[in-house]
Every structure is written in C-alpha cells, then in structure tokens.
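Enquirer: Required output: the full structure, derived from the provided sequences and hints.
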Amino acid sequence: MCRMTVYKGLGLDQSILLADLIVKPKHSIIHQSYDCHERFHNTGLPSHLNADGFGIGWYAEKLYSTKAREGHLGPRRRESFDGVVVPRNKEYETPCVFTSISPAWNNRNLVQLADKVSSPLFFAHVRAASIGSLTSETNCHPFTFDKYLFMHNGGVPDFGKIKRKLIDKLSEVAYGMIRGTTDSEHCFALFLTHLEELGPLDQEFSGKDMRRAMGKTIRTINSLCHAAGVTEPSLLNFALTDGDTLVATRYVNVASSAAASLYFSSGSRWIQSVERPKEYIMQRHNKEEKVFVMASERLSNEPSDWLEVPKNSIVTVTKEMNIQICPLVSLLGDEPDPEVVPSPVAVHEK
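Per the numbering used here, residue 49 is the first one in the sequence shown, and the count goes up by one each step.
No farther apart than 20 Å at their CA atoms in a straight line, the calculated lysine to aspartate or glutamate pairs in the DMTMM-like style are these:
| # | residue 1 | residue 2 |
| --- | --- | --- |
| 1 | 217 | 244 |
| 2 | 74 | 345 |
| 3 | 326 | 345 |
| 4 | 335 | 368 |
| 5 | 195 | 250 |
| 6 | 256 | 292 |
| 7 | 367 | 109 |
| 8 | 213 | 233 |
| 9 | 256 | 245 |
| 10 | 335 | 350 |
| 11 | 326 | 163 |
| 12 | 195 | 220 |
| 13 | 217 | 245 |
| 14 | 367 | 61 |
| 15 | 264 | 244 |
| 16 | 195 | 368 |
Estimated spans, in silico, between C-beta atoms of each pair:
| # | residue 1 | residue 2 | range |
| --- | --- | --- | --- |
| 17 | 256 | 224 | 25 to 31 Å |
| 18 | 367 | 333 | 18 to 24 Å |
| 19 | 303 | 224 | 32 to 38 Å |
No lab work stands behind these hints, which were simulated from the structure alone.
Idealized CB from N, CA, C, for every residue including glycine.
Expert: What follows is the structure, encoded as structure tokens:
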C-alpha cells in the first residue's frame with residue numbers, strides 16, 4: 049500500500065510549483081510518507097509509514113531545437129527563425145520522472161527540485177513495499193512509457209500466482225517496457241496492451257478509449273485472480289495520463305471489502321492560505337473548473353474542498369477540464385463480477 053497525489057491544471061496558465069502540492073501543504077504527500085492516516089495496514093509494516101521510496105513525474109513545456117539554424121542543440125522555448133519552429137526529438141515531449149529509494153521526508157533533492165519546477169500536470173507517489181517486494185528505483189512509481197505516466201495505490205494479492213498468465217497476455221511492446229518486479233508495473237503493461245488493441249500506441253486516444261482500456265485491464269486482473277483461486281481483495285486505485293487526459297480508478301473486487309481511500313478537489317486555483325500559511329485551499333470563481341487535485345488523503349483540513357471518489361468508480365478529466373465520474377461496473381462487460389458494487393454516477397462539467 050502507498051499514497052499518491054495528482055495535479056492537473058487547464059494548460060500552462062495553471063502551472064504550479066510542485067512544492068505547492070507535495071511539500072508545503074500541512075498534510076502533503078511528503079508528510080504522508082511518515083504520518084499517513086488512512087492507509088490499510090500491511091502485516092509487518094507500520095501503518096503510518098511509506099518509507100520504501102518515492103517518485104514524481106511531470107510534464108514540462110515543450111522545448112525546441114535550433115540546431116538546423118544555429119548548429120547546436122541549445123533549447124529554446126517557442127522560438128523560431130524566419131517563422132520556422134524546429135521541433136526537438138520526440139523524447140523531449142515525454143514526461144520527466146525522478147525516483148529514489150530513500151524516504152521522501154529525508155531527500156533534500158526532492159524538496160529543492162519541487163521548489164524550482166512548475167508544471168500543469170504532475171504525479172507524486174510514496175511507496176510502502178509489500179512484504180518480500182524488492183526496494184529499488186525500478187520499482188518506484190510513477191512508471192512511464194512514451195507519453196504515459198502511471199501509478200498505483202493498492203495491490204494484487206498473491207501476484208505470483210497470476211504473474212505468468214498475465215505476462216502471456218501482454219503485447220510485445222508492453223512486455224518490453226517492464227523494468228521492475230511490481231504488480232503495479234505489470235498492471236500498467238496490461239493497460240497498454242488493451243489500449244494497443246484500439247490502435248498504435250503513438251496515436252492520440254480519447255478519454256473514452258482510455259476508460260475502455262482501463263476497464264478491460266481490471267476485468268482481466270479479476271479473471272486471472274479468479275482462475276488462480278485468489279480470494280483476497282485486489283485494491284486497484286490507478287492513475288494514468290497521456291499528458292492531456294487523466295484517468296483514475298478507485299476499485300476493490302470484493303463487495304464486502306473497503307476500497308483504498310481516494311479524494312478529489314476541483315476549482316479555479318489551488319493557493320496558499322493567507323491566514324494559515326501551512327494550509328492550502330481551492331478557490332472557486334463562477335463555477336470555473338481550471339484545477340483538479342486528487343489524493344489518497346485530503347491535503348488540507350477544509351472539508352468543503354474535498355469529495356470522496358465513490359467506491360468502484362472511474363474518474364476522467366479531459367484536456368478541457370471536463371470532469372466525469374462513472375461506475376466501473378459499466379466498463380467491466382455485460383456480465384460483471386457479481387461482487388462488483390456499482391457506484392452512483394456523478395458528472396461534473398465545465
């Protein structure tokens with residue numbers, strides 16, 4: 049079990065410093081790395097600690113190469129010569145990722161980086177490794193492939209019982225991107241496999257396509273666990289983005305079990321409170337949806353700022369900041385697992 053946080057703003061105008069979400073709030077994800085309140089207790093692990101590494105992933109403004117005109121690779125932003133913009137290599141359009149196996153609360157580089165980097169879209173994750181799981185940078189979230197970022201809070205129990213069968217279902221591309229040993233990264237590869245069924249991975253997919261692939265991913269995991277006789281609940285809180293659209297889930301496959309915690313807040317601006325500097329608040333003006341924040345635990349003590357994501361739901365936030373929440377049962381096939389509990393539909397539109 050882990051803790052995660054997502055920030056998405058409406059374009060570059062809504063970029064914020066990473067520190068304003070992951071460092072400075074009173075209950076930031078760095079604070080949650082040593083004092084989380086709502087994480088399920090893993091046998092042998094202190095319930096308040098997430099000390100097995102961390103990761104952040106963010107999207108930077110696209111850079112451009114002036115090599116064709118100047119003979120060097122010096123980066124420039126939105127600049128051109130004679131009206132011609134020369135795009136840099138595609139790799140510069142992929143997300144930036146920084147991971148470490150040190151505890152988030154004890155990493156000066158993380159704090160210094162967060163205080164200098166701004167982005168309109170970023171992920172943050174602190175890890176509490178399962179018993180027997182390797183602590184390594186390759187196992188730290190978020191995971192990345194091309195333009196995609198993915199992270200997971202939860203776990204697939206007895207993953208070793210289904211791992212080989214899951215790998216057999218992966219496409220060559222998806223299998224080739226795996227670097228670590230976690231159930232989470234294999235779930236990401238499974239998602240990419242189902243997305244690839246809809247077209248080449250370098251094409252643009254709609255939010256509907258991404259929801260569909262995520263639903264098939266969860267259905268496949270359920271099927272593999274059932275076939276292997278796994279009875280413990282799978283906790284599948286996933287967060288995924290292609291740099292424009294965000295798709296996230298809060299899901300548990302056993303009706304009698306609680307899902308891992310997940311909350312969201314949306315509004316016009318995420319800002320520091322003038323009266324209480326350690327508190328951040330979500331400003332709302334004219335029902336504008338320009339900012340979306342999602343977190344395993346509320347980042348502030350303002351109850352009106354946060355809504356709980358319904359159990360067994362999928363959240364989609366489009367590039368235009370249309371927010372949709374719908375029950376996952378609608379994506380799990382015509383005959384979903386009878387233990388899946390549908391959630392009320394909530395739709396929020398700009």
